[in-house]
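Chains as they are written, first to last, in this note's numbering: chain A, 1 to 367; chain B, 368 to 734.
Worth flagging that the hints you see were computed from the coordinates, not collected in a lab. Given the structure is predicted, the values throughout are model-derived calculations rather than measurements. From the three backbone atoms N, C-alpha and C, an ideal C-beta is built for every residue, glycine too. Among these hints, one or two may not hold up.
Ranges between beta-carbon positions, derived for each pair [unchecked claim]: (1) A:Thr311 x B:Thr455: 12 to 22 Å; (2) A:Asn75 x B:Gly731: 49 to 59 Å; (3) A:Thr3 x B:Gln422: 51 to 61 Å; (4) B:Ser379 x A:Gly281: 39 to 49 Å; (5) A:Pro14 x B:Arg600: 16 to 26 Å; (6) A:Asn75 x B:Gly486: 11 to 21 Å; (7) B:Thr537 x A:Arg233: 31 to 41 Å; (8) B:Ala456 x A:Arg233: 14 to 24 Å; (9) B:Glu705 x A:Ala343: 53 to 63 Å; (10) B:Pro713 x A:Trp76: 39 to 49 Å; (11) A:Asp357 x B:Gln422: 26 to 36 Å; (12) B:Asn442 x A:Arg233: 43 to 53 Å.
There are 2 protein chains.
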Amino acid sequence: MQTLKVDLGERSYPIYIGEGLLDQAGLLAPHIAGRKVAVISNATVAPLYLDRLTQTLGAYSVVPVVLPDGEAFKNWETLQTIFDAMLTARLDRRVTVIALGGGVIGDMAGFAAACYQRGVDFIQVPTTLLSQVDSSVGGKTGINHPLGKNMVGAFYQPQAVVIDTTTLATLPPRELSAGLAEVIKYGFICDEPFLGWLEDNVDALRALDQAALTLAIARSCEAKARVVGADERESGVRATLNLGHTFGHAIETHMGYGVWLHGEAVGAGTVMALEMSMRLGWITQAERDRGIRLLQRAGLPVVPPAEMTPTDFLEHMAIDKKVLDGSLRLVLLRSIGEAVITADYPHDVLQATLEADYRAIVAGLEA
Amino acid sequence: MQTLKVDLGERSYPIYIGEGLLDQAGLLAPHIAGRKVAVISNATVAPLYLDRLTQTLGAYSVVPVVLPDGEAFKNWETLQTIFDAMLTARLDRRVTVIALGGGVIGDMAGFAAACYQRGVDFIQVPTTLLSQVDSSVGGKTGINHPLGKNMVGAFYQPQAVVIDTTTLATLPPRELSAGLAEVIKYGFICDEPFLGWLEDNVDALRALDQAALTLAIARSCEAKARVVGADERESGVRATLNLGHTFGHAIETHMGYGVWLHGEAVGAGTVMALEMSMRLGWITQAERDRGIRLLQRAGLPVVPPAEMTPTDFLEHMAIDKKVLDGSLRLVLLRSIGEAVITADYPHDVLQATLEADYRAIVAGLEA
């Protein structure tokens, strides 16, 4: 088992990573203050792991809340069912909320914990690669709004994150690839040597090699914990974690939540960020192509949806949280391994990036 | 103008109290970071003060959001209309939310600010006595749930609180009395000399004497700021501010939100807390009667609803946020001017308090 620490002063917390952690009661106990826990899961994950976790939590009174699965349900109505269940069970302020599932469950359970009686403890038990390397670390919680993704939420830190790598055995390959989009992102924004390691190990990761997975997850969480520790509320450097996300959110919003997986949208969005960084002269064409190849080998889409026009992108991006007083800030690569967030670029370069023929670029790679 | 400070480290903020502050642009400007503000108000207050505040905010782009008036609308559906308006206006993270209205507006606008894009700045401009002396200070925000009052919310501090005492001129007398319930409460829990002052000035306050109002509001805010500064998240002493509220919330929930005003329920709830403190031998019958008389002179109900049985009370109180792992903690008076929160009392004293004949007690006073 590896243990990392997210350093946020009095809100610091550990991340445990290893095989079979779901069965280790001693790991959870120090992080549960009361006698009751609410385990929030979904209809896909609960049949696989809820009984096991409930058994591990034998010393506590467990209230299970099983939600429908999918980003389409990351909304107020579903959140309300959590509050309904917790209030009906008369859970008080000393309850600990445990999120058992992927990013959607973690975001909603975390937001429910942040809001329930103005805030109760919570623990993340992420079961997808995406949530293990991204959403479970850093305290971002929330729900979607018809007018934008994650528009309602809170910064709220868990007591602990428990990552059992064996849960990835039940993850559909498409979701494993989506998680790899975020793993690869850390290489681009702050860890160039990790990119080299990923080029050597991407096939092992897709084949669920446990040692490779443990290393990749730990290295990703380390990168994220470092950035979050430096900038909890995303006033500066933390925003670089959103490489590919501004373009990606536009794709998700336009296509409708859940049509493209988040990681898939980030994959194509990252290609667009690479393209724009190249057009600004910050990275070379060879570096762009290296990035696209790795994303492609991870099983990710590297071309935005054919039906989306530049206008579609601009419209959806204008409401992105990275817009400050009207100027669109983008996360771009100053070099491979060094991301910046900037609104200081010629608009025509953004326009050209949105108009670029990604199909042709990718076809060129394959030639 | 009086200026107080709520001392919460990096989340400290000032409270300004005085006549005509609504017109002073220089007071607001240092607390607004961006160029845009969303003013959240309701259909009663907006016609009275929204234009004036908008004029004062002439240097900013103002998005007004006018909600229906009343505790019955303090729910998710109304909150959603705030998010809809803010997202439609494409307000970004640098927006400042201004709450213009009473406690319901402050609680909802504050919670909206806490959740909008995971948290934006906000300023309280309370226009009712209740919100001026209570809900605008301390950072409690939230909405009601069908299963309980304020069950969903956040601790979220404003940038500043601006209290214009002249706004009380348009407040219905019944709401002025409801506000006095909280003013009187500070005397009971931590400021016995203030009780004496209130006995001398309660008629002046009801007649809207501006000097008396300014003093009473400042002294109340001072008391609250002191308590909140010592215990922001209500782990201990802050809970004493809820004198009369556990009984009061039961009344509000049972009668349906909005039938009794919050302050009215607190008035009757405080009488019950006085009664129980007397039955525990902590205060004398004369002290209980002194308290009831003052609450009565303030125009408050001092008898719980005839239709509520002891069982009704116990049922509603069991889900109160002050229940920790099953034992019901109550705020009681160890002496006049000294409140305690305790679960250490014989249950039969609580039962007797719920069964007491308050009509007879009050009739005895009048005899």
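Here is how each hint holds up against the structure:
no. : hint                            : verdict
1   : A:Thr311 x B:Thr455: 12 to 22 Å : 19 Å, holds
2   : A:Asn75 x B:Gly731: 49 to 59 Å  : 56 Å, holds
3   : A:Thr3 x B:Gln422: 51 to 61 Å   : 58 Å, holds
4   : B:Ser379 x A:Gly281: 39 to 49 Å : 46 Å, holds
5   : A:Pro14 x B:Arg600: 16 to 26 Å  : 22 Å, holds
6   : A:Asn75 x B:Gly486: 11 to 21 Å  : 19 Å, holds
7   : B:Thr537 x A:Arg233: 31 to 41 Å : 39 Å, holds
8   : B:Ala456 x A:Arg233: 14 to 24 Å : 23 Å, holds
9   : B:Glu705 x A:Ala343: 53 to 63 Å : 56 Å, holds
10  : B:Pro713 x A:Trp76: 39 to 49 Å  : 43 Å, holds
11  : A:Asp357 x B:Gln422: 26 to 36 Å : 53 Å, violated
12  : B:Asn442 x A:Arg233: 43 to 53 Å : 28 Å, violated
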